[in-house]
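Student: For the sequence shown, the working numbering assigns the number 1289 to the initial residue and increments by one for each residue that follows.
One thing to keep in mind: the hints can contain errors.
To be verified - Estimated spans, in silico, between C-beta atoms of each pair:
{"id": "1", "residue 1": "Val1601", "residue 2": "Thr1661", "range": "17 to 27 Å"}
{"id": "2", "residue 1": "Ser1466", "residue 2": "Ser1532", "range": "36 to 46 Å"}
{"id": "3", "residue 1": "Glu1401", "residue 2": "Leu1559", "range": "49 to 59 Å"}
{"id": "4", "residue 1": "Ala1467", "residue 2": "Glu1603", "range": "42 to 52 Å"}
{"id": "5", "residue 1": "Ser1665", "residue 2": "Ala1461", "range": "43 to 53 Å"}
{"id": "6", "residue 1": "Pro1545", "residue 2": "Arg1355", "range": "28 to 38 Å"}
{"id": "7", "residue 1": "Pro1545", "residue 2": "Asp1499", "range": "38 to 48 Å"}
{"id": "8", "residue 1": "Glu1546", "residue 2": "Arg1355", "range": "28 to 38 Å"}
{"id": "9", "residue 1": "Met1422", "residue 2": "Val1601", "range": "47 to 57 Å"}
{"id": "10", "residue 1": "Asp1475", "residue 2": "Glu1603", "range": "28 to 38 Å"}
The hints are simulated quantities; they were obtained by calculation from the structure and are not laboratory data. These numbers come from a predicted model, not from an experiment. Where a beta carbon is used, it is the ideal one built from N, C-alpha and C, also for glycine.
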Amino acid sequence: MQYIHCLNNISKFGTDLLTDAYELTEDASQASGILVRSAAMHDMQFSETLWAIARAGAGVNNIPLDRCAEEGIVVFNTPGANANAVKELVVCALMLGSRDIVGGIDWCRQNAEDENIAKTVEKAKKAFAGREVMGKKLGVIGLGAIGAQVANTAIDLGMDVYGYDPYVSVGAAWNIASAVHYVKNLDDLLAACDYLTIHVPAMEGTIGMIDAHACEVMKDGVVFLNFSRDTLVNNEAMAAALKSGKVHAYLTDFPTPEVMHMDGAIVLPHLGASTAEAEDNCAMMAVRELMDYLENGTIKNSVNYPACDMGPVREGTSRVAVMHANVPNMISQITNAFGDEGINISDMTNKARGEHAYTLLDLDQPVTEAALTKLASIDGVRRVRQVK
């Protein structure tokens, strides 16, 4: 029996996928896998029984990724599961940034007691006039699961769409409408577009990428949307750009003290993935990733270990997973541990990601305790697991 612990409330659409081989537990110390949404895990101590953590969502700032990698714990996320929810909110933000809808709503509330409001509004509404998005240029920074959907929807809205992503994958590229213009230089995109929306992960090289220089090269009166991560935008630079009028409006899903005091900022309370459908999709994807890893050793959508897939364990074979450092001579030491025990390896794959590597082996016979002990004793091996 494999035990699964939920740190947050996880949609039953996900947990109901768990087979009879699994049981939910309130005791994290006995869990083989943990399902989490937003709970902070940096101060948690992980037991030797824990093999994987699955985040029902994309962001993993609440999980100590490096420590998990060192302890041989695979961390999964669910990219794309909430993409439609975020895309719809970005489209809403496009309208909020184009038309002074917020100002108009506030005016109506402030004049709620006016008995002649139906007539008064005809004179007042000119103060909230906006512009249409059709025919305007939208720049999409980052063409992953969310960025691609935003770009495609903007095409349907009649916008002229430009995309920038030096790391766009072949798979993602196939999902992008042919009408989207691909731009190789970020400055060119910033200078050309009436609207800009950013959809990249927060990492070295992207944190603070919308800085004073980026704001300076933007088109005058641009509307900037940030529904990805708050740290991508330098608050001081954005505040200055709003004050000068360089940026007409800044729409963000991330309330911070700095943003809340910016004139021209429209701030939402992190609603991007806050739909029932997104929570269900993320939970189902997280549970499937967890079960596939525990049952077959398959790694898909991990944020700290490389992707690896040998399919289901074949009948008549056993499978062993080895988490180890990405260093020379490791493979020969791993295979020798089986050879010394007279165990034949029928199939094997090795994948690496930075400092971390993963080796999955299928054996023609059951693995012995002696072989597992030898594997665990190899310098640089972090963890060994008998999958089946």
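Student: Are the hints correct? Go through all of them and say.
Tutor: Checked hints:
1. Val1601 x Thr1661: 17 to 27 Å: Holds - the Cβ-Cβ distance for Val1601 and Thr1661, about 22 Å, lies within 17 to 27 Å.
2. Ser1466 x Ser1532: 36 to 46 Å: 37 Å, holds
3. Glu1401 x Leu1559: 49 to 59 Å: At 30 Å between Cβs, range violated.
4. Ala1467 x Glu1603: 42 to 52 Å: With Cβ atoms ~49 Å apart, the hint holds.
5. Ser1665 x Ala1461: 43 to 53 Å: 45 Å, holds
6. Pro1545 x Arg1355: 28 to 38 Å: 29 Å, holds
7. Pro1545 x Asp1499: 38 to 48 Å: Violated - the Cβ-Cβ distance for Pro1545 and Asp1499, about 20 Å, lies outside 38 to 48 Å.
8. Glu1546 x Arg1355: 28 to 38 Å: Holds: the Cβ-Cβ distance is about 30 Å, inside 28 to 38 Å.
9. Met1422 x Val1601: 47 to 57 Å: For Val1601 against Met1422, whose Cβ atoms are near 54 Å apart, the range 47 to 57 Å holds.
10. Asp1475 x Glu1603: 28 to 38 Å: Given a distance of about 57 Å, which is not inside 28 to 38 Å, the answer is violated.
Hints 3, 7 and 10 from the earlier list are contradicted by this structure; the remaining hints agree with it.
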